[in-house]
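**Q** Required output: the full structure, derived from the provided sequences and hints.
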Amino acid sequence: MKHEPTINESLKEKIARCKAYLRRCLEPSKLEQLRPTLGFQTGILAGFALIASVLLGVTNCSTESTIQLRLEEDLKKSLAEVVPATLYDNDMLQDTLTIPSAEYNIDAKETLVYIAKKSGKVSAVCFKFTAPDGYSGAINMIMGLDRDGNILGVRVLSHKETPGLGDKIETAKSNWILNFVGRSLDNLTPTQWAVKKDGGEFDQFAGATITPRKSVQAIYRGLQLFKANKAQLINP
Amino acid sequence: MFLSATYRKIASDGIWNNNVVFGQNLALCPLLAVTGTATNGLGMGIATLVVITASNGLISLTRHLIPNEIRIPIFVLLIAALVTLVDILMNAWAHELYKVLGLFIALIVTNCALLGRAEAFASKQPVKQALWDGLMMGLGFTLVLVALGAAREISAAGTLFANASVLLGESFRFLEVTVIPNYKGFLLMALPPGGFIMLAFLIVGKRLIDQKIAQRKASLIVPTAAIAEE
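Taken in sequence, the protein lines are chains A and B. Going by our numbering, the first sequence opens with residue 1, and the numbers climb by one from there. Going by our numbering, the second sequence opens with residue 1, and the numbers climb by one from there.
Please keep in mind that the hints were generated in silico from the structure rather than gathered at the bench. Nothing here was measured: the structure is a model prediction, and the numbers come from that model. Each hint can be trusted.
Cβ-Cβ distance ranges computed for the label pairs, FRET-style:
no.	chain 1	residue 1	chain 2	residue 2	range
1	B	S12	A	P36	32 to 42 Å
2	B	S219	A	S136	49 to 59 Å
3	A	K76	B	A80	27 to 37 Å
4	B	R173	A	T191	37 to 47 Å
5	A	P132	B	P193	24 to 34 Å
Lysine-lysine pairs mimicking DSS-like chemistry, simulated, CA-CA at most 27 Å apart:
no.	chain 1	residue 1	chain 2	residue 2
6	A	K196	A	K160
7	A	K227	A	K76
8	B	K99	A	K160
9	B	K124	A	K30
10	A	K160	B	K184
11	A	K230	A	K117
12	B	K128	A	K19
13	B	K124	B	K9
14	A	K30	B	K128
15	A	K19	B	K124
16	B	K206	B	K217
17	B	K99	A	K77
18	A	K197	B	K184
19	B	K184	A	K173
20	A	K19	A	K30
Stretch by stretch, here's where chain A covers chain B in the computed footprint (C-beta under 8 Å, at least three residues):
no.	segment
21	70-77
22	92-100
23	186-195
All residues carry an ideal CB built from backbone N, CA and C; glycine is no exception.
**A** Quick look at the structure:
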């Protein structure tokens, strides 16, 4: 116990000496001389780059798992929107199956399908897909289907369509996308899977035909993807 | 006034005389991109305010270390690192806010006002003044963003501060107002050209006010001059 103060004092002295040294180094007049030298400039630029990259690296590593968790929460929220909670009692994020989808023009070579099970039996499936040919870019959607291929729900996750015209595909702007609930390949013919302007069942928007047309077509292709893989998906 | 003349000058420069948009004509890219609604404008403004204050502070703090020849790469490095930090931290800890603002945060890198303030002010001034300048420049920018956003939103959709509760939390729901009920909408204002048109009106408005102020000052001087002649 008696030695402690002396250790503390020597430490304090060291810190004070370091501070004094740093102050001498960082004195404006000394820096004035140093600044034009090439070595100093190289060192400073490297130092700043090093500090910045260390800081970013540490932040990225320490927040990676949290961000992953947040993204999973987001995904769960969208899954819950297109598959009613009463239909499943499993963790859909863990129960997945990957199916090839290159030939369906939904902007993915493989599609990850989330499988909803009730008491071990497959009750519904859910997957993300994309209409790559929207009016101003890709329209990303998520769709839930029951085991017979009837649509439980479709939602647009993100899009770049014209605000005020094409954005009526969002539930926040209009109920248009709710019209798909209950539809399937069985209760509508292929020609009915189109907007009214093209002789089909679904409304287009005043001033925006391409957005709903391409959305309907993508949903139709999504249904075909399910149909082609139905056996594998509902009897895992 | 609590503030000394220096700080008052910095404040009036940042908010009005040398405003990022009106005075320096900078930051037009993020300005026009996000001001579809007043809420988006406010979000972008707050994010910019935080980053510009932090970058001004950091640059002022290290101003003696930074050689003149390589100042630009260092400023760019500092600003980019700051923006990325804010982006990552918000994604992790303020995720709901990030989903609304996420797009804008990355856009701050394209905001030349930050580099402009670093070059013109922070690299030559003490830390306190630099922080204050960042705060005031940010505030001035936020005010323009909200004004332009509000003007566009009212003329395009008839609402004001739509979705403010998503950005600021439920307690701010009272901000969401429908200014013109049953408004059919004027799409042009929500689209990019509407941004340019509205910005032009705002700049004209600012010029007119400046002119009025100058005239009033002139009219105050004239009588004394007349008296002197007599």
